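A.B. asks: Counting from 1, one number per residue, gives the positions in the sequence shown under this note's numbering.
Just so you know, the hints here were simulated from the structure itself, not pulled from any lab data. Model, not experiment: these values are computed from the prediction. Heads up, none of these hints are tricks.
Lysine-lysine pairs mimicking DSS-like chemistry, simulated, CA-CA at most 27 Å apart:
#1 K195 with K27
#2 K27 with K196
#3 K85 with K196
#4 K85 with K195
#5 K27 with K85
Okay, the calculated beta carbon distance ranges per label pair:
#6 Y6 with V142: 21 to 29 Å
#7 V141 with G56: 51 to 59 Å
#8 T183 with V10: 47 to 55 Å
#9 A131 with S88: 36 to 44 Å
#10 H72 with G143: 38 to 46 Å
#11 S130 with G184: 40 to 48 Å
#12 S130 with L166: 16 to 24 Å
#13 E182 with G41: 18 to 26 Å
#14 V36 with P114: 31 to 39 Å
#15 E182 with I153: 41 to 49 Å
#16 G143 with P114: 35 to 43 Å
#17 I127 with T183: 39 to 47 Å
#18 V36 with I217: 38 to 46 Å
Using N, Cα and C, we set each Cβ at its ideal position, and we do this for glycine too.
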Amino acid sequence: MIWYDYYYFVLVVPAIILSLIAQASVKSTYRSMSRVQNHSGLTGAAAAARVLAYYGITNVRIDPVAGNLTDHYDPRDNVIRLSSKVFSGNSIASVGIACHEAGHAAQHAQNYAPIKIRNAILPVANIGSSAGVLLAVLGYVVGFGILTKIGIILFAAVVVFQLVTLPIEFNASARAMQVIDETGMLSHDEQHGAKKVLTAAAMTYVASLLVSIMSLIRLILRFNSKD
Numbered sequence: 001m002i003w004y005d006y007y008y009f010v011l012v013v014p015a016i017i018l019s020l021i022a023q024a025s026v027k028s029t030y031r032s033m034s035r036v037q038n039h040s041g042l043t044g045a046a047a048a049a050r051v052l053a054y055y056g057i058t059n060v061r062i063d064p065v066a067g068n069l070t071d072h073y074d075p076r077d078n079v080i081r082l083s084s085k086v087f088s089g090n091s092i093a094s095v096g097i098a099c100h101e102a103g104h105a106a107q108h109a110q111n112y113a114p115i116k117i118r119n120a121i122l123p124v125a126n127i128g129s130s131a132g133v134l135l136a137v138l139g140y141v142v143g144f145g146i147l148t149k150i151g152i153i154l155f156a157a158v159v160v161f162q163l164v165t166l167p168i169e170f171n172a173s174a175r176a177m178q179v180i181d182e183t184g185m186l187s188h189d190e191q192h193g194a195k196k197v198l199t200a201a202a203m204t205y206v207a208s209l210l211v212s213i214m215s216l217i218r219l220i221l222r223f224n225s226k227d
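Could you put the whole structure together from the sequences, leaning on the hints where they help?
C.D. replies: As structure tokens, then:
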């Protein structure tokens, strides 16, 4: 029966639990490191500006944005948006997160190849995330196998998109830590704290990828079965 989906409980549920643990970990690590001020009193906004200067980038703004852990780089508007606590905060977490987002700006400025690949996949991945599972289920229900295969292929594009995202995130963090070290923004001990924050954040991407992979395997196994 289609409604009894043991593949979901065996494959997807454990991955979701790991994803929730990863999300809890990044929040806990951020809270811990956001309480520790860096020795120089450097704010997140100032730290991001230093990374941009390191790479000779002059056309990217740094603006505050509402919310918590809402930090991101928007290549469409050439702006790094930092949550208020990161923008004006002088904690170790603020510096690490701000420099990470500036690392994304550097990637775009240098035409980092994985970003081009991810952008090429994005349109199909968007369709796959919204319609892939629906098409797979619909094709199974009505007995139209080709529709099920199309749905699975579209959802596979989501997995590929998330897979390509991993090196982008890890590289942005590596760029951040390199500039932090070479410019002396944080001491050696403080760098360890910043790296903990960025590593915890990266694990959320790994966990999300795992959920998608397990979901894809579940679709393939579930809709290839005869029950």
